[in-house]
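Here is how the chains run, residue by residue.
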Amino acid sequence: MSDVILEMRNITKTFPGVKALDNVSLRVERGEIHALVGENGAGKSTLMKVLSGVYPHGSYSGEIYFEGKECSFKDITHSEEVGIVIIHQELALIPFLSIAENIFLGNERQKNGVISWFETISNTQELLKKVGLHESPNTLITNMGVGKQQLVEIAKALAKKVRLLILDEPTASLNDADSEALLKLLIQLKEQGITSILISHKLNEISKVADSITILRDGATIETLDCHKDRITEDRIIRGMVGRDLTHRFPPRESKIGEVIFEVRDWNVYHPLHENRKVSTDININVRKGEVVGIAGLMGSGRTELVMSIFGRAYGRNISGKAFKHGKEIDISSIDKAIKNGIAYATEDRKAYGLILIEDIKANITIANLEAITDGVMINRPKELTVTSDYRNKLNIKSSSVLQKTVNLSGGNQQKVVLSKWLFANPEILILDEPTRGIDVGAKYEIYTIVNQLASEGKGIILISSELPEILGVCDRIYVMSEGRIVGEMMSSEASQEKIMKYIMTQQEVVE
Amino acid sequence: MKTLSNLFKENVREYGMLIALIVIMVYFQFATDGTLMKPVNITNLVLQNSYIIIMALGMLLVIIAGWIDLSVGSVAGFIGAVAAVIMVRYHQSVGLAFVVSLLAGALVGAFQGYWVAYVKIPAFIVTLAGMLIFKGLNLAVTKGESVGPFPETFQKLSSGFIPDYFHGETLHITTLVIGVLLSILLVYLDLQARNNQRKYNFEVTPFSFFIIKSIAITAVIMGFCYLMASYKGLPNILVILFILIVFYTYVTERMVIGRRIYAMGGNEKAAKLSGVNTARLLFYSFVNMGILAGLGGLVFAARLNSATPKAGAGMELDVIAAVYIGGASASGGIGTVIGAVVGAFVIGVMNNGMSILGIGVEWQQVIKGMVLLLAVFFDIYSKNKNP
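Protein chains in written order, with our numbering: chain Z, 1 to 512; chain X, 1001 to 1387.
Be aware that one or more of the hints could be misleading.
Partial chain Z-side listing against chain X, Cβ under 8 angstroms, derived [claimed, not checked]: (1) 353; (2) 421; (3) 494.
Only pairs whose alpha carbons sit at most 30 angstroms apart, straight line, appear in this in silico DSS-like list of lysine-lysine [what the hints assert, rightly or not]: (4) Z/325 - X/1199; (5) X/1272 - Z/325; (6) Z/325 - Z/202; (7) X/1199 - Z/328; (8) X/1120 - Z/351; (9) Z/69 - Z/160; (10) X/1232 - X/1156; (11) Z/160 - Z/202; (12) Z/278 - X/1272; (13) X/1269 - Z/405; (14) X/1232 - Z/337; (15) Z/328 - Z/256; (16) X/1232 - Z/383; (17) X/1272 - Z/405; (18) Z/398 - X/1269; (19) Z/289 - X/1272; (20) Z/394 - X/1272; (21) X/1272 - X/1156; (22) Z/337 - X/1310; (23) Z/398 - X/1199; (24) Z/405 - X/1232; (25) X/1156 - Z/278; (26) Z/325 - Z/340; (27) X/1272 - Z/351; (28) Z/161 - Z/190; (29) X/1269 - Z/351; (30) X/1269 - Z/322; (31) Z/383 - Z/394; (32) Z/325 - Z/289; (33) X/1199 - Z/394; (34) Z/499 - Z/202; (35) Z/383 - X/1199; (36) Z/394 - X/1120; (37) X/1199 - Z/337; (38) X/1272 - Z/398.
Please keep in mind that the hints were generated in silico from the structure rather than gathered at the bench. Don't be surprised by glycine CBs; every beta carbon is placed ideally from N, CA and C.
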């Protein structure tokens, strides 16, 4: 009696240098809640973007059948016409418009270009009732919490006569009560005949509501589990998510670990905009000489916020806590001071925060330590060329010369420029935030080699990564972070992906 | 070895505006039956545009930093009035007036820079407010009437000429000597740069190209100095301009602070995360703009020999246009001193040439507007073609 509403067959999608989806298939039955799980980078979001037309027909290979008909979506409007609506993790509501205006944005109740407000408001009231949101249609989005905003997004989808609703991590930024309400709503919608695809990292939620689960890993479908046939445990799901071969992806390394060189104690950080929202709570971490320390955790767990707050308060407000280098307290209250104290931070978003794309390799490498190439006040250009060419050779930055603009480099080479910049600043503690994001396997290996080299020179390295194999393959010791707290610490010799995942998923502190 | 046409293609962006300037000059030279390049007119051209160039130097830094200053015309008028009142109404010395005026310019810059850099109000709004404020203060300081005339030493600022130590009969020999020395210096610096490039194994332009370039530079400098020498020699203001241009070229190309301003304009967040104190840097850019707007105001007042309540009105348009015509990017991070100077001359030559031709002020503005649009179009077009 299987009644398939959606079938995606052999979807393959490549980005320059990376195969994001490799022959992925997905079958969703009418009226079910279908969960899609996998690690960050497994291809869940890419698959959903293919489905909703963000990546238009022709930019991928494979077939999509919706309601038995083959579809070739040109864009989102096209997929919404047939009733496929996606709600992204970052909500796409306009803050200074009202609920009603947002719900019918681009889909206005109108006649000859004139909006019918009666119809808009009364339709909005019906929709709000359906999703169980008790707010006036005229309330501005900016005055509502994230949980309610999420409901508005769903109401907006309902206004478009949705038949297949896709939710990308809908509960990631919700508290428990809001999450609970949202999940209940999903079940209600199911009873009204709306099929949903739920992308989530929270396995407890998935086991609560999902009818079936498809697991993706490394851009491929691993398996689809039927929750009604067998009893699916969280361990069973995790095993499907992480099981892969780790050999030969990481260069070998012998660690020579010395004394603690950098330590942060009782570190607390508040959100820069939301007054009472804490983003880091009671953090105590340290790194030793020659050690690579990993911080594992999901996206949104507060890792970047934590290290940026440590790096000269580049993030957050009301930061409290102490920082020590070689046992002595240091002042790292501005980025300038942090750099002078030998701390460097290579950002996760190299295009937005790491590079000046319109400038050349040379100017990007020297910007954090211009003093080192000046005679008095003048920049010594021959010296600048020599030192930057040195880094270009040493880190194997593939380019015509250091005068090439960084915008034209590949992701891996851009990352090497960012690393060169920080190496030139000669830090003792190097914080690397997702250093291999979006770069190909070969370049990753080179980056790992550089990390090993730096550690063997006696630097302390803090490495943030969403890829657990990377954390396990490169680090000596691992902190696990969840919701702004350190929830676990282990030596990598005793760590496994399952163990780290368990810390994250159960979100409770387990003392080793 | 590259062909000349290839070289031309690669350098067309860098030299594009210079070529445009030459084309415009040649056109007006013919259209005005040779009046444009007459020594007296060339001298006038320099005098007329000196304050635009001075302010364009400040505007360039602000625009590279990613912002804009709409208030420079009003500030220039206001500072000119302050100097006039000190000298004419209070009978104080020229030196005191000069120092106080530049300080007042710095204060004005600091005032606007504070709102932009630390309170983070967009510069467009802050300087729009500044435009009104300083226009009003100019009226208040002058009490609505012209203040002048000035002591002779002050007038010399924009109408004086350097003395001729060789006492030439028909030609101003000191001017020619300066021209020769300058030519030698520029060719020498270029040669040194080439040697450095070769030393570090960078691709060097062919020697023939270098020779052509050197001859062209020498010819332009010597031709210009000859024209100047056959009138009254180099104007004082040109010497000041030259010093400022050299100084700001060094600031933008060779000094840490210049490099950081480019970085901030190119990607403010990345610059900040590299330890650049972007707020302070932006503040200084505005202080610098204030000082140069003040200097521009002094030069302008000295030229008219009076400070008027309406002085400076609309000047900001020419200044901003000069910087954009000179290849600076409206989104920040790109622009050169030489470009801004060339841009100012493009505007200046057009103003001058069209006036000689007797074209009405209404059409002058239309044409200038079209040229600005075309220049920026050309810039964006060439950027898209070879990124």
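Query - Pair hint residue 1272 of chain X and residue 405 of chain Z, alpha-carbon separation not exceeding 30 angstroms - result: holds (20 angstroms)
Query raised in the report: Can we keep the residue 353 of chain Z interface hint, with Cβ of chain X closer than 8 angstroms?
Result: holds (5 angstroms)
Query raised in the report: Has the given pair, residue 328 of chain Z with residue 256 of chain Z, been kept, meaning a C-alpha gap of at most 30 angstroms?
Result: holds (23 angstroms)
Query - 30 angstroms Cα cutoff - pair residue 1272 of chain X, residue 398 of chain Z - result: The given pair, whose Cα atoms are some 27 angstroms apart, holds under the 30 angstroms limit.
**Report entry** Pair hint residue 325 of chain Z and residue 1199 of chain X, alpha-carbon separation not exceeding 30 angstroms
**Finding:** Roughly 42 angstroms separates the two Cα atoms, so the pair is violated.
Query raised in the report: Within 30 angstroms, alpha carbon to alpha carbon, are residue 398 of chain Z and residue 1199 of chain X?
Result: Holds. Residue 398 of chain Z to residue 1199 of chain X sits at ~22 angstroms (cutoff 30 angstroms).
Report task. Double-check residue 421 of chain Z for me: the hint is only fine if its C-beta lies closer than 8 angstroms to a C-beta in chain X. Result -> It holds, given that the least Cβ distance between residue 421 of chain Z and chain X is near 7 angstroms, below 8 angstroms.
Query - Pair hint outcome, residue 278 of chain Z versus residue 1272 of chain X [Cα-Cα no greater than 30 angstroms] - result: Status holds; Cα separation ~24 angstroms.
**Report entry** Holds or violated: residue 1272 of chain X to residue 351 of chain Z, with C-alpha atoms at most 30 angstroms apart
**Finding:** Distance ~14 angstroms between residue 1272 of chain X and residue 351 of chain Z Cα, so the pair holds.
Query raised in the report: Regarding the pair residue 1269 of chain X and residue 322 of chain Z, is the alpha-carbon distance no greater than 30 angstroms?
Result: Holds, at about 25 angstroms.
Query raised in the report: Given the hinted pair residue 394 of chain Z and residue 1120 of chain X, is their alpha-carbon gap at most 30 angstroms?
Result: Answer violated: residue 394 of chain Z to residue 1120 of chain X is near 41 angstroms, above 30 angstroms.
Query raised in the report: When you check the alpha-carbon spacing of residue 325 of chain Z and residue 289 of chain Z, does it fall within 30 angstroms?
Result: holds (11 angstroms)
Consistency with the previously given hints fails for numbers 3, 4, 6, 7, 14, 16, 21, 22, 24, 25, 36 and 37, ordered from lowest to highest.
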